[in-house]
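Heads up: the sequence lines are chains F and W, in that order.
Residue numbers for the first sequence, in our numbering: 1481 to 1779.
Residue numbers for the second sequence, in our numbering: -16 to 706.
Think of the hints as simulated: they come from the structure by calculation, not from any bench.
Among the hints, erroneous ones may be present.
Here are the simulated DSBU-like cross-link-like pairs (lysine-lysine), alpha carbons at most 35 Å apart as the crow flies [to be verified]:
hint : chain 1 : residue 1 : chain 2 : residue 2
1    : W       : LYS578    : F       : LYS1741
2    : F       : LYS1741   : W       : LYS661
3    : W       : LYS489    : F       : LYS1596
4    : F       : LYS1524   : W       : LYS489
5    : W       : LYS490    : F       : LYS1741
6    : W       : LYS671    : F       : LYS1741
7    : F       : LYS1596   : W       : LYS327
8    : F       : LYS1596   : W       : LYS490
9    : W       : LYS(-2)   : W       : LYS10
10   : W       : LYS(-2)   : W       : LYS12
11   : W       : LYS410    : F       : LYS1596
12   : W       : LYS578    : F       : LYS1596
13   : W       : LYS411    : W       : LYS578
14   : W       : LYS10     : F       : LYS1741
15   : F       : LYS1596   : W       : LYS12
16   : F       : LYS1741   : W       : LYS327
17   : W       : LYS12     : F       : LYS1524
Chain F is nowhere near these chain W residues, computed Cβ spacing over 12 Å in every case [unchecked claim]:
hint : residue
18   : PRO36
19   : PRO239
20   : ASP509
Chain W residues, not near chain F, derived (Cβ > 10 Å throughout) [what the hints assert, rightly or not]:
hint : residue
21   : PRO28
22   : PHE30
23   : PRO61
24   : ARG124
25   : ASN164
26   : LEU190
27   : ILE249
28   : MET647
29   : ASN658
30   : ASP674
Glycine included, C-beta positions come from ideal geometry on N, C-alpha and C.
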Amino acid sequence: MDGYIVNIQRFSIHDGPGIRSTVFLKGCSLHCFWCHNPESIGLKPDLQFYPERCIGCGRCVEACPNGVHAIEDGRRVLRRERCQRCGLCTETCYAQALTLAGRRVSVEEVMEEVRKDSEFYRTSGGGVTLSGGDPCVQPEFSHAILAACHAEGIGTCVETAANCRWEDLAMVLSETDLVLLDVKHMDPIKHREATGVSNERIQANIRRLSELGLPFVPRVPVVPGVNDSPEEIGAIARFVAGLSGAQHLVLLPFHRLGEGKYRSLGLEYRASTLAAPTREHMESLAAEARRYGIEVRVG
Amino acid sequence: MVTAAKLNYEERLAKLRERKLEHTRAKQKEGPWDNDDHGRIPAPPDFHFKPTPNHPSGGFFGAKSVGANFRALLESHPPYVDPYSSLAGGYMVYFFQMREPHWNPDLDWSPQLHEAQQRYGIIHGIGGGQHFAPDLRLGLRLGFGGMLNKVRHYRELNKDNPDCDPGFYDGLEDIVLGTQNWIQRTADHARQMAAGEADPELKANLLAMADMNDYLVYGVPRTFREACQWIVWYQMICRIFNGSGALDQLDEVLRPYYERDTAAGILDDEEAIFHLACLNLNDPQYSQIGGVGPDGRDLTSRVSYLILEATHRLKIPANVAVRVHENMDPAFLRTAVRYLLEDKNGSPIFMGDRGLVNGFMRNGYSLELARQRVKVGCHWCAIPGREYTLNDVVKINFACVFDVALREMMADPSVEPSTAELWERFKKHMRLGIEAVAEGEKFHLEHMWEVFPELPLDLTCHGPIEKGRDATHGSLEFYNMCVDGTALATVADSFAAIEQRVENEKKLTWQELMRHLDNDWEGAEDVRQMMRSIQRYGSGGSRGDYWAVRISQMFAETVKDVEKGYWFKLIPGLFSWAQTILFGKMVGATPNGRKAYTPINHGANPDPGPTGATSPTALAMAIASVQPGYGNTAPLQMEVDPGLARDEDGVLAMEALIKTHERMGGTQMNLNVLNREKILEAHEDPSKYPDLVVRVTGFSAYFASLSREFRQLVVDRLLTSGL
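Sequences and hints are given; from them, build the entire structure.
In structure tokens, the structure reads:
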């Protein structure tokens, strides 16, 4: 079976227990404006361009059948609207100024890569994490990778926003040891404003998930102006406290490390004016959340 | 025992750290120092010493002259006592820097050997000092008085022995007498300082140091503090003499004193930590802690923890190595990793027991002996007092060997160029290069004793005093001479790039490649990038990885084959030290897209390549796969994300990484936890962070003390590490 991934990151240590390889899958059903993996939102490959790496050799101009690349009056011109995402230009761009975010791979190809660190998983109690994007956008493919991991004794973890049909989620969860559950907001309207979708299905899925007895860790990206008030975090904490099976709650401070990716994709970065929450603010939010009797960690 | 126990150790350490910073600032004004920090104190401006030559060249050669000059230096060396320290003494000069000329010009090696050394980029090590280890326990058992008696006893016994070097005992005696004079003057100086000291606690401390050192002029150390003080003296004379000195398996060396003193109620852990910190302040010499004893027992003891704790509290450069093994105390490893991440000074280093022990046994040594070979240098181990090695001194540049092979093949009209043909020629020249290395070492072992013998180290070795011959002159039990290969990634990636782009894809011809190399890629940046963007060594299962393993294995096999023609053994390792710049300057452009005369890769590490970072697990696996496998190291040098220190997950992951690398046969891990912003700022203005510590390679140093070129090395590694 094949599917689309962005890349596989070895030695991930904040995506579940131990040393892990995180497979970033393509495709997400949410469109959070602060997303730090914008290249993973679409299901198909995206062309990324890093002008600072370009050596002006012109190989891409020759390689592209659709005239996406041109040098006009000594200036580098990129016509993204013509791009068919075939990747031919990236194959000749040895300076790696042009890259394709996303490739179609087989389950076996994924396994070949993640298998490399099996020794490290064993020593550390780690394994493989599916992230993205959202693994539930490609449920069959995700399920097949997870099942292949289990067949080789590799532990599995899935990071999802649970915004999908319950059947799809259930399929993925059937081969999952630990779920990292992204929770953004408790208010359906504000949730829609921030992510493009309402949270009703998400909350229903989370409730059902919590009844499976599967361990899960709710994780909240704390984004200024979206959910960084004590009330908003408190509401999430109250919701989590009412679920069974949540190991603890993690608050992850917003950061702007994804900004360069927006530029490379030719996209507008709407979070450019937001500042990362201070450590003190994160701690005060954590203290608020702890009032609901749950363990809270700041990432 | 008179102690200054009432003083607050933390406050005293803070004072000592301040003083160290003053010294470091003063030294930084003297100019860059691309080496271990050492603990040298700036000399007063009126202190000068000039050795007396015994040769028309102006040099001083042979045990008698070397010993006499060294004694004269020690007898004129200013005493130094810090009232806040528990240990007296400080050194201000390097005797070995006065070796001018470095080698006796009457003793030259053949022009053919000179030529081969140049062709293959060999650092031959002829005339190189130290780089083997003293047996501290032997010294501590004797004391300086016992050493003197031992020298005099064997001088008498061997007076008619024609195998002895006639000037050798004169030299040894002068070393001891000069040391005793320096200790006595320092004791006197402490007493004088005490007389003028108003603070009663400092006064008591100065008097305690005066009494202790009066005793140690002849006496055998009895207590933990006396043992530390004795080690300070011995290390200082080694360091001054030829930059040497090493603290052995320090926890085991000091354990009997610790156990005796704590049982007697005259020492507690806080005081022991303070003495250990003072020992490290005097000079951050290399030491090993933890590990496996000859009988298989885990050596971790309370003292191992105290040594870690002392360096943790000091936060100055430190060169402590933790020996990692299967059955080690897990809490000890956890503490070591935690301090590594918290202190961010690259300390401790982690050594892989399995690779070191199993490898060393492949040279024909027993398990018991292999376990006694401890980490006492930048990237190397030695059996204290019994083994001569020249470790880290002798290197061969694979990139030069490759370049000779490539150009020879291309100049030969009778062959069709191919990687197969190139490999055969590379192999042939590797052998010629290693033969030249071995010839150089043979020459060194024939003549070093009559140029600059290892006198201070001879005093703590088994054999030299008894046999009347220097350690370089056959008086030790084992001679395991070092051959380190460099530029592994440069050459492996060159093979892989040619194979992929020239042979398989036919993107360019051999002749075009040669033209680009000769023109240093001028006007062909795209081709250069094409040659760089291949499946490099370090990506895991790539052709670059294949070539790297193949080169390392062939190198090791060739070394062991060449060894058969010599009376000593040769042990292969992979390490460039911090000489990646020097080795790079020896060779023009290479097919991996490297520009002419730019640095080669560091040690056994992969080149970062155009997109930078290799993941820590990929790095750990790559380096485990290229171990030459005879007990000398191919270290893993890794820049670690300081974010790992944020929570326990990072500690656990780092610990698992270290354990797995050890299990895979990795031999040494130098882990640098770097703060990107701070390093970049300090690179531009070193005076901003005079006490910022980095692990440059196997050694740890103040970043601001390094030359701009060396700082750039660290910065480049940081920028390509993805941090």
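Status of each hint after checking the structure:
1. Distance check on the hinted pair: LYS578 of chain W and LYS1741 of chain F sit about 30 Å apart at the alpha-carbon level, within 35 Å; holds.
2. For the proposed pair LYS1741 of chain F and LYS661 of chain W, the alpha carbon gap of about 25 Å is at most 35 Å, so the pair holds.
3. Proposed proximity of LYS489 of chain W and LYS1596 of chain F is supported: the alpha carbons are some 30 Å apart, at most 35 Å.
4. Between the alpha carbons of LYS1524 of chain F and LYS489 of chain W the distance comes to roughly 32 Å, so the proposed pair stays at or under 35 Å and holds.
5. Restraint check for LYS490 of chain W and LYS1741 of chain F: the C-alpha separation of about 31 Å stays at or below 35 Å, so the hint holds.
6. For the given pair, LYS671 of chain W sits about 34 Å from LYS1741 of chain F by alpha-carbon distance, which is consistent with the 35 Å threshold.
7. Using a Cα cut-off of 35 Å, the hinted pair LYS1596 of chain F and LYS327 of chain W holds, with the two alpha carbons roughly 29 Å apart.
8. At most 35 Å may separate the alpha-carbon atoms for a hinted pair to count; LYS1596 of chain F and LYS490 of chain W meet this at roughly 31 Å.
9. At most 35 Å may separate the alpha-carbon atoms for a hinted pair to count; LYS(-2) of chain W and LYS10 of chain W meet this at roughly 18 Å.
10. A distance of roughly 21 Å separates the Cα atoms of LYS(-2) of chain W and LYS12 of chain W; the hinted pair therefore holds under the 35 Å criterion.
11. This hinted pair checks out: LYS410 of chain W and LYS1596 of chain F have alpha carbons roughly 30 Å apart, not beyond 35 Å.
12. Distance restraint check for LYS578 of chain W and LYS1596 of chain F: the Cα-Cα separation of roughly 32 Å lies within the 35 Å cut-off, and the hinted pair is therefore satisfied.
13. Proposed proximity of LYS411 of chain W and LYS578 of chain W is supported: the alpha carbons are some 25 Å apart, at most 35 Å.
14. Simply put, LYS10 of chain W and LYS1741 of chain F have alpha-carbon atoms about 45 Å apart, too far for the 35 Å limit, and the pair is violated.
15. Among the hinted pairs, LYS1596 of chain F with LYS12 of chain W is inconsistent with the structure: their alpha-carbon atoms are about 49 Å apart, more than 35 Å.
16. Simply put, LYS1741 of chain F and LYS327 of chain W have alpha-carbon atoms about 30 Å apart, close enough for the 35 Å limit, and the pair holds.
17. Distance check on the hinted pair: LYS12 of chain W and LYS1524 of chain F sit about 59 Å apart at the alpha-carbon level, beyond 35 Å; violated.
18. The non-interface label for PRO36 of chain W is consistent with chain F: the shortest C-beta to C-beta separation is roughly 58 Å, beyond 12 Å.
19. With 12 Å as the threshold on Cβ separation, the claim that PRO239 of chain W sits away from chain F holds: the shortest Cβ distance comes to roughly 35 Å.
20. With a least beta-carbon separation of about 4 Å from chain F, ASP509 of chain W fails to lie farther than 12 Å from that chain, contradicting its non-interface assignment.
21. Non-interface call for PRO28 of chain W relative to chain F: holds, since the shortest CB-CB distance, roughly 49 Å, exceeds 10 Å.
22. At the 10 Å boundary, the C-beta of PHE30 of chain W stays outside the reach of chain F, the nearest C-beta of that chain being 51 Å off.
23. At roughly 49 Å from the closest C-beta of chain F, the C-beta of PRO61 of chain W stays outside 10 Å, upholding its exclusion from the interface.
24. No Cβ of chain F approaches the Cβ of ARG124 of chain W within 10 Å, the least distance being about 41 Å, so the stated non-interface status holds.
25. Every beta carbon of chain F lies more than 10 Å from that of ASN164 of chain W, the smallest distance being close to 55 Å; the non-interface claim holds.
26. Annotated as non-interface, LEU190 of chain W keeps its C-beta farther than 10 Å from every C-beta of chain F; the closest such distance is 49 Å.
27. Interface exclusion of ILE249 of chain W from chain F stands, the closest Cβ pair being 43 Å apart, more than 10 Å.
28. For MET647 of chain W, the shortest C-beta to C-beta distance to chain F comes to about 7 Å, within the 10 Å cut-off, and the non-interface label is violated.
29. The claim that ASN658 of chain W is not at the interface with chain F holds, since no C-beta of that chain comes within 10 Å of its own (minimum 16 Å).
30. With a closest Cβ-Cβ approach of about 25 Å to chain F, ASP674 of chain W is found to remain outside the 10 Å limit, as its non-interface label requires.
The structure fails hints 14, 15, 17, 20, 28 (numbered hints given earlier, in ascending order).
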